[in-house]
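All chains, full assembly: derive it from the sequences and hints.
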Amino acid sequence: EDQVTQSPEALRLQEGESSSLNCSYTVSGLRGLFWYRQDPGKGPEFLFTLYSAGEEKEKERLKATLTKKESFLHITAPKPEDSATYLCAVQTYRDNYGQNFVFGPGTRLSVLP
Amino acid sequence: SQTIHQWPATLVQPVGSPLSLECTVEGTSNPNLYWYRQAAGRGLQLLFYSVGIGQISSEVPQNLSASRPQDRQFILSSKKLLLSDSGFYLCAWSGGVGQPQHFGDGTRLSIL
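As they're listed, the protein sequences go chains A and B.
Counted the way my numbering counts, the first sequence spans residues 17 to 129.
Counted the way my numbering counts, the second sequence spans residues 179 to 290.
In short, the hints are calculated from the structure, not lab data.
As the structure is a computational prediction, the values presented were derived from the model and not from experiment.
For every residue, glycine included, the Cβ atom is placed at its ideal position computed from N, Cα and C.
One should not assume that every hint holds.
To give an idea of the interface, some chain A residues facing chain B are shown, with a C-beta separation under 8 Å as derived from the structure [to be verified]:
| id | residue |
| --- | --- |
| 1 | R47 |
| 2 | G48 |
| 3 | F50 |
| 4 | G59 |
| 5 | P60 |
| 6 | F62 |
| 7 | T65 |
| 8 | A69 |
| 9 | Q107 |
| 10 | F119 |
| 11 | P121 |
Following this line, the structure appears as structure tokens:
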């Protein structure tokens, strides 16, 4: 069974204190790994797609990396506006229509001023 | 650019009443469409997906149904709501296999 776990469950950082969020996955064959940001009361906002081990993507203070078993979302010098829940999801080769996007439970990030 | 609209944003309904939530996508054709439910502090649960007009697949047996009357319109319905139907409902679209899903802003449904 395909599984996605995320750690830590919650993370509190001081403004400017860099850190990383982890997404570990167990799948039969990875078609893609996706990172999302979700603000309270809103739908998830797409951030990155990673397709193969060694791939990296960057956007402002965020950088996503991928290995064969996990992905990291690195946050450099975070600001309070980076506070949100970060979700990762995987799609496998058993999934022909995206019907089996397996989402992790998320990491709730709080950045204090 | 593509946009997804979902309404209403919040809804309070009595037990036993019907439900209709609507989702429309603009700026793309033949999208894959999805309905999810997100319980507080929990992950996203896929309810229905559709790869074309009139084509609906259900992932979880439940009190809800979905329909796709037009290419870019997806509707979530119920004939009689249960207390357990409360939650945050999200509609999403994707361009195809290997493509990310893009979400609407959701509907907060409370059943009284």
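Hints violated by the structure (listed by number, smallest first): 8
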